[in-house]
Every structure is written in C-alpha cells, then in structure tokens.
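Visitor: Residue strings, one per chain:
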Amino acid sequence: MTTTPLAARPGRAWWRVPPRHVPVLATAALLLVMYSIGVSQYQAFSNIQVVFNVFIDNGFLLVVAVGMTFVILTGGIDLSVGSVVAMTAMVSASLLGNGLHPAVVLVIALLIGPILGFAMGCVIHFFDIQPFIVTLAGMFFARGVCTWISTTSIPITDGFWTSTAQHRIHLGENFVSVGALIAVGVVAVAAAVLAYTRLGRNVYAIGGNQQSALLMGLPVGRTKIAVYTISGLCSAIGGILLSFYTLSGAPLIAVGMELDVIAAVVIGGTLLTGGSGYIFGTLLGVLVLSIIQTLITFDGTLNSWWTKIVIGGLLFVFILLQRLVGIRTK
Amino acid sequence: MSTVRARAAGITGHRLFWPLVVLVLLLVANAVYRPSFLSVELKNGHLYGSLIDIVRLSAPLILVALGMSLVIATGGIDLSVGAVAAVAGAVACLYISEQPDQNSVGVVLTAVALGFGVALLLGAWNGILVAGIGIQPIIATLILMVAGRGLAQLIAEGQIITINSGPYKVIGVGHVLTLPFAIVIALAVTVLVAVLTRRTALGMIIESVGGNAEASRLAGIRSRRITFLVYVVSAACAAIAGFMMTANVSSADGNAVGLWVELDAILAVVIGGTALAGGRFYLGGTVVGALLIQTLTTSVYAMNIDPQTSLLFKAVVVIVVCLIQAPAFRARFRRRRSVPVTPVEPVGTEKEQVPA
Amino acid sequence: MSERHPVLTMTAISKIFPGVRALDGVDLRLFPGEVHALMGENGAGKSTLIKVLTGVYGTDSGTITLDGAQVSFSGPMQATAAGVSTVYQEVNLLPNLSVAENIYIGREPRRFGAVNWREMRRGAKDLLARIDLDIDVTELLGNYSLAVQQMVAIARAVDIRARVLILDEPTSSLDADEVAQLMRIMRQLRDDGIAIIFVTHFLDQVYAIADRITVLRNGRLVGEYLTSELPQIALVEKMIGKELDALERLDEATSGGDRAALESGTPLVAADGLGRSGSVAPFSLTIHQGEVVGLAGLLGSGRTEVARLFFGADRADAGRLCVDGTPVTIRNPVAAIDRDIAFCSENRRTEGLVGELSVRENIILAMQAARGWLRPLPRRRQDELVQHWIKALSIRPADPEMPVRNLSGGNQQKVLLARWLITEPRLLILDEPTRGIDIGAKTEIQRLVAQLSDGGMAVLFISAELEEVLRLSHKVAVMRDRQLVTEITNDDTLDAARVMQVIASGSSQEGSVPA
Amino acid sequence: GGLAGCGNSDTGGDDKSSGGSGNDKLVIGFSQVGAESGWRTANTNSIKESAAEAGYELKFDDAQGKQENQIKAIRNFIQQKVDVIAFSPVVESGWDTVLKEAKDAKIPVILTDRAVDSADKSLYKTFIGSDFVKEGKLAGEWLVKEKASAAGPVNIVELQGTTGSAPANDRKKGFAEAIAANPNLKVVASQSGDFTRAGGKQVMEQFLKANPKIDVLFAHNDDMGLGALEAITAAGKTPGKDITIITIDAVKDGMQALADGKFNFIAECSPLLGPQLMDLAKKVKAGEEVPARVETEETTFTQEQAKAALPNRKY
Ligand SMILES: Nc1ncnc2c1ncn2[C@@H]1O[C@H](COP(=O)(O)OP(=O)(O)OP(=O)(O)O)[C@@H](O)[C@H]1O
Ligand SMILES: Nc1ncnc2c1ncn2[C@@H]1O[C@H](COP(=O)(O)OP(=O)(O)OP(=O)(O)O)[C@@H](O)[C@H]1O
Ligand SMILES: [Mg+2]
Ligand SMILES: [Mg+2]
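Protein chains in written order, with my numbering: chain A, 1 to 330; chain L, 1 to 356; chain F, 1 to 515; chain X, 1 to 315.
Careful: at least some of the hints might be erroneous.
Cut-off 16 Å, straight-line C-alpha distance, at most; resulting in silico cross-link-like pairs (EDC-like, lysine to aspartate or glutamate) [claimed, not checked]:
# : chain 1 : residue 1 : chain 2 : residue 2
1 : X       : 314       : L       : 157
2 : X       : 173       : X       : 215
3 : X       : 48        : X       : 279
4 : F       : 391       : F       : 444
5 : X       : 48        : L       : 157
6 : X       : 106       : X       : 279
Hints listed in this document are in silico derivations from the structure and should not be mistaken for laboratory results.
The following block holds chain A by itself, in its conformation from the complex (with noise of 0.2 Å):
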C-alpha cells in the first residue's frame, strides 16, 4: 500500500522559489531599492565606481565577514575577528619596519590569525567552553598584542606593499583594487567550499544540531576546531587587505568591527543559532551595511549624532521589510 497522502503538499506550484531562498532574495531585492534611492537622490551616486568603491572600501570587512560566516554556521561566535585583523596588519607593519622580507611578513601574518583561530577552537571544543568567552579572551590577547607591539600607528613603506596597495585595475574608465578583487575571491571559494565539500555540509550539519550532528557520525571536534580556523584565517586576510587598505599597522584600528561583521553576516540572513544561512547573503549584508553609510555620506548633512540615528533607523527600516517579506511568502 503506498501513502499518497505524503507527496500532498499543496502551495508550491507556481511559485518555485524554495521557501528558504526567500530572506536572501528579499535581501537583494531592498538593497536594490535603496541602491536606486541612492541614484535618485544623489547625481554622482550612479558612477560605477560607486559600486567599485564599496568593494574596495569593503573588502576587509566582505572577507571577515565570510569567516565569520562559518563560525556563526555552526551556532557558534568569534568576537576576536577585529582585534585579529588589528594583529596581522600591527605584525605586518612592525616587520616590514623592521626590514624583513615582504614574502615571509605575508607568510607569517597569514599565519598567526589561523594559529589563534586553531588554539580558540582547540579549547571551544576540547574543554567545552562557550565560544562567546573563548573569543573575547582572543579579542583582548590580540589587542593586547598590538599595543604590545607599539602604542603609535607604523606606517608601511615596504615596496611590494605600496606598490599592490595603490595598484588600480582598470576596468573602463573605473578601477578596483588588488584587495577587493581577493575579496571577491575569498568570496567564491567560501560559497563553494560550503556548498560543495564534506567540511561546508558538515558546518550546516553542526549548526542544525550539534548532538545529532555527533551521533551520525560526523566529525563535530574537527568542524568545530576547523571553523575558528578559518576565521582566523579570514582575519589574517582581512588583516592584510586593511594593511594594504591603509598602509599602516595602527593598535585601535578595526576596534568594534566584530560587531559590524556579526551586524552583515545576520542582515545576510544567517541564523544566530547556527544551521542556515549563505555566503552570498554574507556579501549582501556588508552591502547593506556600505549602502547605508555611502548614503550617508553623499547626504552630508547630517551630524554626528543623526548619522548613528539614521544609521539605527535605516537598518531598523531594513529590517523590518526584510521580515515582512519574509512572513509575507511563508
């Protein structure tokens, strides 16, 4: 006898969007709508290199947030990431200053960030310690390690630095640069390492239910561990492009940028409590987040204390139709 009633499932005929693509795309959707906002307030707000400049202005917080990404996947939270990509451009700065080799600065600086990441996953997961706290003792560490290092900004002068720095890849009339092209990479190879390897299924897998995640089978230690490093990883990088990005390594730079990435990665539409979520919604996030500000920007009208009111209001306002649409469609 077979169960007809099983394949019954009315509502999802004509409408092939599956239900759970729809946060993201309501995403796009309003961020297109103030896009064209933008555009139609503000002349010079339709230049491509508006567009160009969010990337290059973003590039750091995109890859960050990518890293954070997987982290807030598996239900977990990394506050270090801020004070990380503060270390790796310190490091960074201090030993170029100091006349190392650029290869081995890049070397070790990409370094540092995953080996943090690691040790923070080693004790969230060995010695079952909530991330949240695990990372704020990263958080402080790595502050502590920039004012550690100097309490002024160094500057970098190393050739290979400069030169990528202020290297503009043309595209028409417009440019981008070397670090926003990474970023976008960065990009496409989290997409595809969640949407496509044992590990990316597995951080879904941790996020849905760590203890069933466990008793299938799956190697939830090693997810878990894997992930901060990552985000380390994405970090040290991220560290690098803003070292690229400014040129110098300054102790209170990206201070509170943590809450920021946590801010795009959740816009983005993935879940706190870990188990949904994507990358491209990431990027939509730290889109979001950049359209806002560029806004507020071109206004210039505004001053300091509207700007974090209308910040606050803005993303209220984003927010809010987000959900709507989302209940709309459920």
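Following the hints, position chains L, F and X with the ligands against chain A.
Guide: Positioned in the frame of chain A, the structure of chains L, F and X with the ligands alone reads:
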C-alpha cells in the same frame, strides 16, 4: 571522614567555586603587591578602601548584568544596554541642568522618573522588535545600540552635561550607614530581581522559554510576553546603572557612559555560569562575574600595570577563569572521584545464556 | 552451531551517571545474520548500552570486541567507520538540511572532489522508494512529521553498508505499514549476514523477527534467550521481574459506559468545518464528555494537524470551534488551556519537554503557566503532585530534581503525560502518548485513559497502534489525505482490519456500520 | 528616501554642486573623527558655523572614530567632486592611497587638527591645527618652572588618554620631554583614563590609595582631570593645593575648575578652527599659495587668566 570528603566535593563542584577562587587570587595578588589594598577604614563615617571601591564601581555593571542574565536566559541578548544607560543618564541630567534649583529632591526624583520612563520605552522597543516582529535579538538590539548613542548625544547636543545637584550625586557617591549608596542600590535591585524570579514562578518560566520556546508555548506559556518583559527589565536595570554612572561624576557624557558595558555584562553573565544559548540562569553567578571583572580593572590600576600590556593581562585572567571553570578542563587534571550511587534493587541472580 | 563466532561481544559493561548506575556488568553477544532483540522496561539501560557500544559514552568498566578484536570507539564516527551503523532512539537528524542530505551527509557522493548534488538527490529518491516513501527529497527534513523523519533515519542507517545495524526503538512512531516495510528490510539485511540489534517495546514485533533476546532490568543483565524458547509471558516476567496477571485484563476496563448517555446533551467540544489551508481540509467532529475519540489514519494523514487545531497550536483559517455549545475562538494554546483543553504532543523532544528543567518543573509547567507567574504553586503542593505522578506512572529514576533530558525516552514520555494530567482537563488530546513506553507502563496509561473517561474526561486519542485506538475509543474518526473521511462507532464488531479497509478505500460507505 | 526626513531639505541641491568647479558655491567635504568629546563637538560646530557664514556648502561626515570610515568618506567626496576635501585624521599613517586618488581627481586636501606622516608632501596642500606634542610640552614646561625650587622629589601621576590614540601618545611624549629638564620631577604612576571623567575618577582613586604622596596630577584632558577632582576630594585632599593639577584642552568646565582654584594650569587646544579653515579652503581653491603649516595659537591658562577668560567662553 567520607562526609567531609563529600562536602568538599560539593563545594568544589559548585558553579561559583572556581570564579570565586580566581577572584580571591586576584585580591591576594593585589594584597601582596600592596598590603594596604585589603584594608578598609572608616573615614568621616564612610567605609573607605580599595575593596569598597571595587564593590561600588561594579554596582552599575551588576545592575546591567542582572538584566542581561534574564535576557540571555530567554536565549536572547541585549547589546543596547550601554546606549540605554547613556540615554537615561542624559535625560535625567538634562532635566536637572535646566531646573533653577538643582538641589531640590523633587527635581531629582522627577529627573530620575523621566529617565526611567524613557528607558522603559526603549526597552519596550527592543521587546517589540524581538518578541513582536521576531527579529533576531542581536540585530534588534544592535539598532538601538547605534541609534541610542546618537540619541544620548542628541539630548546633550554632543556636549557633556555637567550638573551640580547634591541629591542626584547621592545615587553615585552617597553613603547610607557607612556604605556607599550605589552598593545599597545594587544590592536592593539584586534582591528584588532574585525575589521576583525565584519567589514567583517567573524564573522557571523564563528558563522554560529559553530552554525550549515551542514546548513552552504549547504548555500555555505566553512566550512572547515573557520575552518582551525581559527586554524591558533589562532596560530598566540599564537605566539605574546609567543614573549611577552619571551621578558618579555629576555629568552625562553621551559618548562615554556605559561604553562597552554590554560586553562586560555578557561576560559577567557567562562567567556566572549562564549559557548564552538560554535556559538556566544564575543571578549569584552574575554578581560574582561582575565583581571579578571590576576587580580585574581595578587591579590594573592598583598594581600599576602598564596600559600597553594591561589587555594581555586581562586576556590571561579571562582565559584562566574560563579554563578552570570548565569541568572538562579540570577533569583532565584530576583523578576520577568515586561518585555516590543510589543503590539499585537487586536483580535475581539468574543469569541465563543460551548457546550460539 | 558452535563454530559460529559472534561478530560483537560486550562483556561486563558498567556505566555510571552521576547518581545513577545505568549499566552494571552487562554482557551482550551478537552473531552475524541474526536479529537480536534488546528488551527491558523504560530506563532499563538499553539505549545506554547502545551508546556505550558506539562510543557516545565512555565505559566505566567492561570490554567490547568486534570481530575478535578489542575496540573502544571514541564516538559514532569511529563506530560507523568500523561498520556499526546506528539509529538512536530519538530521531537524531538535522531538521535544517534536506532529506537527501540527511541520508548522505558524511558520505556524500562526490565528483571531482565536490559534492555531487544531483547524484545525491537521485540516490535518496531511490533509497526512499525502496521503503515506499515518496517524498520531495529536496525539502527540509524539519518540515516532515516525526514518522517520516524516523523513516529517513532508518533509510540512512540501512544504506550505510555495515556489519552491525542497531535500531533503537525505530518503530515507536510508525504505522503498521511502515513497520512491515521495516521488517522486510531487516529480514533482507539479516539474510545478507548483517547482525541487527533491535530495541522495541512491541512484543509481537519481537516475535515476528528476532532470533534471540537479551533482557535487561535496572541496568543489569537478566539473561539471553532464543526467541523460540521463550514464551511471551515469560519474557514479560523477566522484564518486569515479577509475575504478571493484571496486564491482560485490560479490556474490561474500557469501552464501558453507555453510548446513549454519552451522546446526549451538547457535545463538550465540536469542530464545525474547522480547517487550515495547506494543512487539513475543513472537518467536523464532536467530542462528548466522557467520550474517547480515536483518530486513525496513515502516516502523514493529518491526525496531528487536527489535534493542533483543537488546541490552537496552529491557527484555524476556516470554520469554528464550539465548547459547551458556544462558539469560541482559540488562537493559541493559552486560550485552549483556559477552556480546559490539554494537548500532549507527539514529538516530546522538540515540542514537549524542556530538557534542561527538572522532572518536577516539567510536570508542573502547564499548571503553573495557567496560574500565571505571580501565583507560584507552593512547593509543598508541587512535591505532592509530582511524587504522586512519579509513583502512578512509575517514572524512573524517581528523582524529581533530575534534569528531564537525562531520563530514558519512555520516562520522558511519562513526564509529559503527567504534565497534562495534573491540569485535570476536560478534553485531553493525546498524540502518540504511548510512544516508546514499555508494556507495563503502557497498560497503566491505557487503564488511566479509560478511568479518566469514566470520570467524565473527554479524550482525543491518536496512536499509530490501531489496536490501542480500538481498545480505548468509543468512536474512531478516520483520516486520509489530510481529510477526515468518516467516523465509525466502535462497538464490539469493529476490528482493525475493518478500519484499515476504510483507511485504504477512503470511502465512507462504512457509515452503514451497525450502530 | 529614508534620509529626506532627517537631514535638511536641500539635499536636492547636490545635483547642482556635483557639476564641480563651474559653480560659484564652494563645496567642502569634511570628515570629522567623531563626536567623542565636548572638544570635538565644539570643533565640529565651529567648522559648520563658519561654512554657513562664508556661504559654502559643507558635506559633513562623522567617521565615528574609525579610519576606515574616513577613507570611505574621502572616496565618496571624490565621487561627488567636491571642491576641497578637509579632514581630521584619526591616526597619522595610512592615508597615501586615498590621498593619491584625491590628487588624481585634482581635489585639494587640507588636514585639520593633526598631521599625517606621508612622505609625499604634495598629497595635501596644508595642515591647520594643534600640535599635541607641543601641548604636552607646554604643560610640562609650566610644571618645571613651578617646581623649580622644590627641594625633594616631586611625585607626578599621569592620566593618559585612550591607549594607542594619537593625543595620548603625543601629550605623554611632549610632557615627558619637558619634565626631563628637572630630575626631581618623577612620574610615579601612569594609567589610561580613556579621556572620560569616570575613567579619570576611577584611576585616580587607586592612585591615591597606592601612592601616599602625590604632588602633581597631569591629565591628558580636562574631563579626566575633572573626574580625578572628585576622587581627590573624596580622599580628603584639597585639589589645587595638596595636589597640583595640570590638564589640557580648556573646555568650559575645565576653565571653571581652574578659575575656582581646583586646577592649576591648562594648556589650551583650541577647537575653533572653522574660520581659518574656510579661509584656507578659499585660497586653495583659487590656486593661491598657502603655508604648508598653519598652527592655531596654543594659549595656556593659569588660574588668574582663567578667571578673566571664563565669562566669554562659549564651549
Ligand atoms: N546523560 C545521562 N545522565 C544521567 N543519567 C542518564 C543519562 N542517560 C541515561 N541516564 C539514566 O540511565 C538509565 C538508563 O537509561 P536508558 O536511556 O538507557 O534507558 P532505556 O532502557 O533506553 O529506556 P527506554 O525504553 O525508556 O528508552 C535511566 O535511569 C536514565 O535516567
Ligand atoms: N508530504 C509532506 N510534505 C511535507 N511535509 C509533510 C508531508 N507530510 C506531512 N508533512 C508534515 O508533517 C507534519 C505532521 O504531519 P501529519 O499531521 O500529517 O502527521 P500525522 O497524521 O499525525 O501522522 P504521524 O504522526 O503518524 O506521522 C506536519 O507538520 C506536516 O507539515
Ligand atoms: Mg531507550
Ligand atoms: Mg502525528
């Protein structure tokens, strides 16, 4: 003998044992560095000393963390507490600064009521976003975290409002019965929250919502209402903390009041043993966590640790606390203790086996 | 025969949880090509033994050998790799992933190193077709009913080509059809030489398939027996540790009462065209005071949905509900509880219990919610109530302060039941209340339902076990394709075959059943 | 749009201005560090008011203390083709890339408040503002003079600004350089009070307990000094007498304390850059030669001077 052992196991197994050990160690380290650290004297009828400072300075953090405990227990998080504290403080100070007689108790009471009212509104706003519209708590409260700071600055137009009001100042630096008034307030609010949650069913209901919201709904709990409520309570606690912080220096600085207090508060809650995922919460643990954090800050000043390395010092202490607090960590450094076992009824000795 | 070597032996296994000795020197032997039933009351230690075997828990003492070599798995991952595939008691899958992924995660088909999604979907579809489950494999697993999830879990475990297959209560939420499918597959695997450990509380399933039985009681081994040599009665006695006599005399207790008396007067609750689009078609159903109404239907036929509409767990968008003859709007559970309606949901883990809270807190939760937070139930009263129900339902361990998540599955179910019983509702909706409960406790619960209905309580009873429904209810409503197709009065002539026929045909000529 | 409601009404006017230099109305893009202190707000207000008075259009951006935000803002100013870009750098280093873009777009850049460390001086036209090192130095020099006759060692405690921030670094440096002149002057404790009153008070409380004899307090800004006042009073000492207090900034509350005899000396750091900035912007735009460095007058105040200056103090 065995009862002594059992009792010792009971004590070391207690959730608060290890954070308290670290707290004591920090105090001892301070005392070694400077023996007078532990001394408490009576000056002009006021208790005076570093220990008193620590408790007094942690009062605002305790308040904020209490509210945060409840929010976290429901599985949420409130990033806006710092901003709410700033707004409440700014409103109160603004009102006082505009009155001809700043020393009138009536004026101060009105000011506090105003600030408190505004904070409740902000809390309700958070509550509506989370419980009503269903926005993820971290984002919902992030909105107010950003905008609230702006609001606080807007109120003061970017300036620091300086007031000169005796009664208001009492909130921050006054004394009752030789004790700093701030400590008394923190104690009172702690007791109040404890009574409200533990003498009524509220605590269990909050834990139930945090533990499994859907199951709670099906058990007839109005989960949304509870969620809404905790955000309002959190804002209320933040407001009192805001009054304390502004009264402490008789001025409201929209920028500095409660800056990063949300992180400290969350840290205090987590050190206290409450899980960020929601569920069981421990108010006592939260208070210990807050004291620990303030002790850490004060130690940096008292032991004159170079500001350049003070963050590293903090990182080390936080790591130590969380490591030794983790049962899994201690388990690796300890022989397995025999566990008291409830006797099971004996099963008949028949043990049969059949051939393969 | 003695040249056969066990594929798996567990010797003198002990496991101690804080305060509970869950296993005490238990032995288990498993031979290739046999189905080995692991039996015992709720909390006897069956699931724990399985988890010790697969490395979820470490042992306190004892050895495990697999194929003659001593092993000690650090976790399910190693166990799976060594050829031990397990379906744990509570459905342990990932609601946030698609059905196909749930089946293949951890061993996804790959192409050029990348997960091959198309292949995965195709494989999943084929696999599910083998157990007659025709569902959209790209849909999130969480959108399916518990029973479907259980089937998916089985499909996953079965597809992992293992030497040892462990099924911990796989049938507790399945209908007769699905059980039959499962049996068929188990036989097939057994014939392929796979060793199967099978845990269930259904004795007839044990006798239908098991070759050998190991009985546990209170964490200790009672013995190992050949099924053919152990009569049912003896098995039950070994499980509960005492002579049984009361168990079989249940039927007298039920279906008593006078139908005419029941149906006179206004119904306690009446659904009038109640429905929810995309969930259940509008239906009408009346339940009188003291009446037990059974809901019968296949897996996914919409029984749970009907129950949820009565309780306001989902909001109805058509029709109305009358309580005591007056129309009421029940938008949420609070409103339903106000009308003295109680709902014991089928998925105790996600919709029932709050794992972190204690047994006591879980039991008083609904009652406390109804009183409001300001009026806490006095502690003395709590303890009284909780003690009473722990005893009445023999919840073990009888420690009211134990976090409920540490209880065995069956005992958790009893806690959930106790929660609603103490609210003394007028209408009690029971969705699979006996899921995973041992026979002793099951008869106890059935007796209780009969008793309550005699005392005037109305009960809406949903169970995958048709016999149970028939035994208890005065009236059976049959669901099919998310529609309520007919109601049949349960008199002495009604039997399971008859109801199955109605379910299958979907026609309601059975209206002519002698009334 | 969401912005229209909150800003002012002439957002539509952007379109005119984006045509660039053809228009007669000068457009200045200004990126401010933030609004982290009363001093900063006074600075912002001065610039806004002067722009309004001069009839220039000001595109104001608040970077909220982040260098990243400032770089973004400058990029957006370039896109909008403003006539002049001005900004108060959050930190010294790291501006070359974006300033090069501005240069390529032929938009002159003016630094306000503090300098950048670019090797390429052609990246900006001029610098206008205060010199944090000099402020520290002024404070230190006054102290050296004041305590010249001191026989024994003079114990100084220092309240630093936010660790790693430019003013904190520079004021510490300037002060240290100045007091090196007198070996009797010794900094016995130095901690960060984060530029806030609460921070200043909290740190001072511990200083007072840890050091039995404190002769001088040097605070990197008025606010920390004001916070420390309360701690000193609470400890039963008289500020200004038992402990000599030196601060920097000279905001109104600080001047009041100075006039009341609670502070002893303030080195001013004037926030009123607006008029000078507008003047420079106009010159730069017209292609006139401007000095590479325009320093605002750094005054200092003693108690008497404060009494005289206080009545017409606006911020
Ligand atoms: N994690 C745990 N912590 C403490 N006690 C536990 C834990 N898991 C199980 N127990 C206890 O161990 C005993 C055996 O439980 P187990 O789950 O093995 O029973 P079971 O035989 O599977 O019962 P059921 O038929 O109800 O599923 C029970 O008394 C249970 O309360
Ligand atoms: N074919 C299907 N596709 C998607 N979801 C389904 C399907 N069938 C059932 N479900 C989901 O499963 C849940 C329970 O279904 P339903 O009420 O039909 O179960 P039931 O009749 O109680 O049967 P049982 O409990 O025996 O599985 C519902 O939330 C429903 O949305
Ligand atoms: Mg079990
Ligand atoms: Mg069901």
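Visitor: Work down the list of hints and note, for each, if the structure agrees.
Guide: Here is how each hint holds up against the structure:
1. At roughly 14 Å between alpha-carbon atoms, residue 314 of chain X and residue 157 of chain L fall within 16 Å of each other, so this suggested pair holds.
2. Restraint check for residue 173 of chain X and residue 215 of chain X: not satisfied, since their Cα atoms lie roughly 20 Å apart, outside the 16 Å limit.
3. Taking the CA atoms of residue 48 of chain X and residue 279 of chain X, the gap is near 13 Å; set against the 16 Å cutoff, the hint holds.
4. Note on residue 391 of chain F and residue 444 of chain F: the hinted pairing holds, with a Cα-Cα distance of about 12 Å set against a maximum of 16 Å.
5. Between residue 48 of chain X and residue 157 of chain L the alpha-carbon distance is near 14 Å, which keeps this suggested pair within the 16 Å criterion.
6. Taking the CA atoms of residue 106 of chain X and residue 279 of chain X, the gap is near 19 Å; set against the 16 Å cutoff, the hint is violated.
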